Amino acid sequence: MKFSLIYALLAVLLAACGAPPWNSPYPVADEGGNIAYSSFAERPKHLDPAQSYSSNEITFTGQIYEPPLQYHYLKRPYTLIPLSATELPKPLFLDAQGKPLPADSAAEKVAFSVYEIRIKPGARYQPHPAFARDAQGRYLYHDLKPEDLAKVYKLADFPQTGTRELEAADYVHQIKRLAHPRLNSPIFGMMGEYIVGLKEYAKILDNAQKSLPPGARLDLTRYPLAGVEVVDRHTYRVKLKGKYPQFLYWLAMPFFAPVPPEADRFYGQPGMAEKNLTLDWYPVGTGPYMLTVNDPNRRMVLERNPNFHGEAYPTEGEPGDAAAGLLKDAGKPLPFIDKAVFSLEKESIPYWNKFLQGYYDASGISSDSFDQAVRVATQGEADVTDMMKEKGIRLQTTVTATNYYYGFNMLDPVVGGFSEQAKKLRQAVSIAIDYEEFISIFANGRGIPAQGPLPPGIFGAHEGEQGINPYIYDWVAGKPKRKPIEYAKKLLAEAGYPGGRDEKTGKPLMLYLDITATGPDDKARLDWIRKQFQAVDLQLVVRNTDYNRFQDKIRKGNAQIFHWGWNADYPDPENFLFLLYGPNARVKGEGENSANYDNPEFNHLFERMKNMDNGPERQKIIDEMLAIARNDAPWIWGFHPKQYSLFHAWYKNVKPNLMANNGLKYVRIDAGLRTKKQREWNEPVLWPLGLLAAVLVAVLVPAVAAYRRKERQAAR
Numbered sequence: 014m015k016f017s018l019i020y021a022l023l024a025v026l027l028a029a030c031g032a033p034p035w036n037s038p039y040p041v042a043d044e045g046g047n048i049a050y051s052s053f054a055e056r057p058k059h060l061d062p063a064q065s066y067s068s069n070e071i072t073f074t075g076q077i078y079e080p081p082l083q084y085h086y087l088k089r090p091y092t093l094i095p096l097s098a099t100e101l102p103k104p105l106f107l108d109a110q111g112k113p114l115p116a117d118s119a120a121e122k123v124a125f126s127v128y129e130i131r132i133k134p135g136a137r138y139q140p141h142p143a144f145a146r147d148a149q150g151r152y153l154y155h156d157l158k159p160e161d162l163a164k165v166y167k168l169a170d171f172p173q174t175g176t177r178e179l180e181a182a183d184y185v186h187q188i189k190r191l192a193h194p195r196l197n198s199p200i201f202g203m204m205g206e207y208i209v210g211l212k213e214y215a216k217i218l219d220n221a222q223k224s225l226p227p228g229a230r231l232d233l234t235r236y237p238l239a240g241v242e243v244v245d246r247h248t249y250r251v252k253l254k255g256k257y258p259q260f261l262y263w264l265a266m267p268f269f270a271p272v273p274p275e276a277d278r279f280y281g282q283p284g285m286a287e288k289n290l291t292l293d294w295y296p297v298g299t300g301p302y303m304l305t306v307n308d309p310n311r312r313m314v315l316e317r318n319p320n321f322h323g324e325a326y327p328t329e330g331e332p333g334d335a336a337a338g339l340l341k342d343a344g345k346p347l348p349f350i351d352k353a354v355f356s357l358e359k360e361s362i363p364y365w366n367k368f369l370q371g372y373y374d375a376s377g378i379s380s381d382s383f384d385q386a387v388r389v390a391t392q393g394e395a396d397v398t399d400m401m402k403e404k405g406i407r408l409q410t411t412v413t414a415t416n417y418y419y420g421f422n423m424l425d426p427v428v429g430g431f432s433e434q435a436k437k438l439r440q441a442v443s444i445a446i447d448y449e450e451f452i453s454i455f456a457n458g459r460g461i462p463a464q465g466p467l468p469p470g471i472f473g474a475h476e477g478e479q480g481i482n483p484y485i486y487d488w489v490a491g492k493p494k495r496k497p498i499e500y501a502k503k504l505l506a507e508a509g510y511p512g513g514r515d516e517k518t519g520k521p522l523m524l525y526l527d528i529t530a531t532g533p534d535d536k537a538r539l540d541w542i543r544k545q546f547q548a549v550d551l552q553l554v555v556r557n558t559d560y561n562r563f564q565d566k567i568r569k570g571n572a573q574i575f576h577w578g579w580n581a582d583y584p585d586p587e588n589f590l591f592l593l594y595g596p597n598a599r600v601k602g603e604g605e606n607s608a609n610y611d612n613p614e615f616n617h618l619f620e621r622m623k624n625m626d627n628g629p630e631r632q633k634i635i636d637e638m639l640a641i642a643r644n645d646a647p648w649i650w651g652f653h654p655k656q657y658s659l660f661h662a663w664y665k666n667v668k669p670n671l672m673a674n675n676g677l678k679y680v681r682i683d684a685g686l687r688t689k690k691q692r693e694w695n696e697p698v699l700w701p702l703g704l705l706a707a708v709l710v711a712v713l714v715p716a717v718a719a720y721r722r723k724e725r726q727a728a729r
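Sequential numbering of the sequence shown, starting at 14, is according to this note's numbering.
To be clear, the hints were calculated from the coordinates, so they are not data collected in a lab. Only true hints are included.
Below are the EDC-like pairs computed for lysine to aspartate or glutamate, each with C-alpha atoms no more than 16 angstroms apart in a straight line:
hint	residue 1	residue 2
1	LYS668	ASP334
2	LYS367	GLU696
3	LYS352	ASP43
4	LYS359	GLU55
5	LYS689	GLU44
6	LYS494	ASP447
7	LYS678	ASP351
8	LYS88	ASP334
9	LYS678	ASP342
10	LYS352	GLU316
11	LYS341	GLU329
12	LYS167	ASP293
13	LYS689	ASP43
14	LYS254	ASP108
15	LYS668	ASP342
16	LYS167	ASP308
17	LYS352	ASP683
18	LYS496	ASP447
19	LYS569	ASP425
20	LYS633	GLU614
21	LYS494	GLU449
22	LYS345	GLU329
23	LYS689	GLU403
24	LYS164	GLU287
25	LYS544	GLU449
26	LYS494	GLU478
Distance ranges between label pairs, derived from CB positions:
hint	residue 1	residue 2	range
27	GLY602	ASP399	51 to 57 angstroms
28	LYS520	ASN561	32 to 38 angstroms
29	ASP396	PRO237	55 to 61 angstroms
30	ALA530	GLU55	24 to 30 angstroms
Remember, it's a predicted structure, so these values are computed and weren't measured experimentally. For glycine and all other residues, C-beta sits at the position ideal for the given N, C-alpha and C.
I would like the entire structure built from these sequences, with the hints used as guidance.
Listed below in structure tokens is the structure:
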């Protein structure tokens with residue numbers, strides 16, 4: 014008995030040989046499995062596609078639901094391709110009398126656009142109790158009583174499941190749901206302006222809901238929607254007001270994915286919501302994955318949909334994709350991964366440590382971990398550190414569809430207007446703000462200086478020498494180089510401010526920056542921006558204010574220079590260039606044009622461009638618009654942030670796509686390599702146990718011997 018602890022320690026030491034890592038957070042049975050591992054910080058609030066609009070939600074909904082269209086995984090600029098649709102729908106344009114118009118009709122002549130969408134036959138929904146039927150074909154779980162739900166706590170507690178084929182009517186049903194009075198869809202307001210009858214449909218449903226008994230379900234199949242109709246089993250039509258080519262982008266979002274009426278019938282029964290048995294917790298889709306575990310305090314799990322209709326990995330991409338290994342799986346059936354496990358991680362440090370141990374496949378980079386993970390060269394090029402390279406970890410960067418910029422209020426008497434003097438003043442300031450330095454100091458090199466309002470990857474944006482802003486940059490040795498400070502001072506002198514002084518009065522030129530700065534790091538940024546103005550002998554007064562006051566000043570046009578940003582809603586140049594469209598000005602039009610830029614020539618070109626299809630003619634107009642805006646310089650164009658992500662060597666087919674939300678199906682895992690590395694990186698340090706065993710032996714053996722001698726003496 015005295016040696017049992019020693020024997021136990023020896024047994025542990027022997028058992029460690031070839032065993033899974035002791036610190037693994039996953040079940041032993043999952044070791045070596047074809048599983049992707051990630052995390053979530055908080056439970057997604059909405060998984061219902063009529064309501065979901067957050068990035069942490071679309072991580073799941075993008076893998077479960079299948080809207081008609083999707084983005085090509087590899088091609089840039091971002092390119093729409095069919096998903097559940099057989100082809101990209103082409104609109105039929107109608108005049109006010111309902112007569113067809115030519116495809117190239119000007120927007121002002123188009124009264125209606127009709128999109129006819131045909132879906133691929135044969136797709137089936139995931140196994141789900143909403144479709145379960147008995148031998149007579151009656152639904153098993155559509156008329157549940159309280160006693161039927163007594164022992165039901167999760168979806169898996171329903172023993173029977175079923176499925177059926179995807180139909181066009183399911184897409185129509187979901188569009189109707191956007192107007193449901195209890196769902197409060199975030200895009201209803203905008204879609205109500207385009208989809209014929211949708212705004213009126215919401216009033217019809219609201220009145221119908223009020224007439225029902227409390228808790229009763231509103232049956233949308235009883236109420237037709239004028240602008241959306243079923244043509245046949247696999248075809249439906251959507252009728253829009255006017256010409257709105259950007260509608261195709263919405264058809265790639267879960268808002269327009271199918272929802273079967275059976276799901277609403279199943280989840281709408283009394284007692285379901287109280288048990289979190291809702292579409293917000295358990296989606297119903299036709300995509301490659303289905304949500305099988307929704308435990309907000311521990312983990313969420315996506316598993317392969319056994320009814321998935323199948324899809325193939327892309328067979329073409331961009332130049333360089335083949336060399337990067339992104340086409341090795343060309344033509345192979347999707348998805349590659351059997352399961353994706355998302356564990357709750359509220360803090361970045363535990364996640365980071367588990368990533369380094371190999372228990373997460375990918376990771377972002379927080380500011381605390383940046384120096385450990387990334388090394389930035391003097392030229393601004395980023396690579397992983399030697400420690401990361403030793404682990405086989407690679408860095409992927411992509412420029413986001415985001416603008417951060419300083420804007421000039423074009424209504425201001427000093428920095429605004431379209432005189433040559435005002436233009437040169439704005440150009441001089443734009444040259445002085447060294448965004449290369451800013452990105453290096455304050456963004457860890459994570460960004461690129463903007464050459465205009467369009468981020469890379471958006472149609473209309475050029476790369477290389479053709480894409481630079483010639484008023485701010487020169488093309489030197491194959492790269493853009495910011496014009497020298499001496500040139501900026503020359504422009505200032507030509508603008509009437511030699512040496513930073515008004516040549517008429519001799520007084521220093523005082524400029525004012527309105528900004529919201531609340532964090533401890535903001536002082537360094539503000540000191541930096543003052544220094545940039547001082548480089549061209551200009552004095553800058555920073556007026557810091559709270560966000561509400563700042564918004565009020567922007568809305569009234571009381572700011573002279575201000576800091577702002579914009580994230581893309583969809584990858585179309587219209588979504589950026591409208592920020593400079595005159596009728597969209599803050600002061601006059603209460604729009605998003607915070608600089609109040611109003612150039613008639615730019616406006617005219619924008620009106621021609623906004624509803625055009627992508628092509629050479631649209632590109633030519635965009636080029637003209639960019640030339641005008643760069644010359645007028647209503648913005649200090651700022652920078653486009655870069656997204657930095659780290660991936661382990663076993664995580665394959667990685668190409669960041671900021672618009673596609675269904676990327677999990679393309680990812681492949683080398684589970685054998687992951688298991689090997691996890692064991693290498695988490696090999697237990699056993700010598701302390703061996704030392705402890707030796708100490709115990711050294712202590713216990715003499716003690717036991719002395720005890721036995723004492724017993725023998727007592728016996729004698």
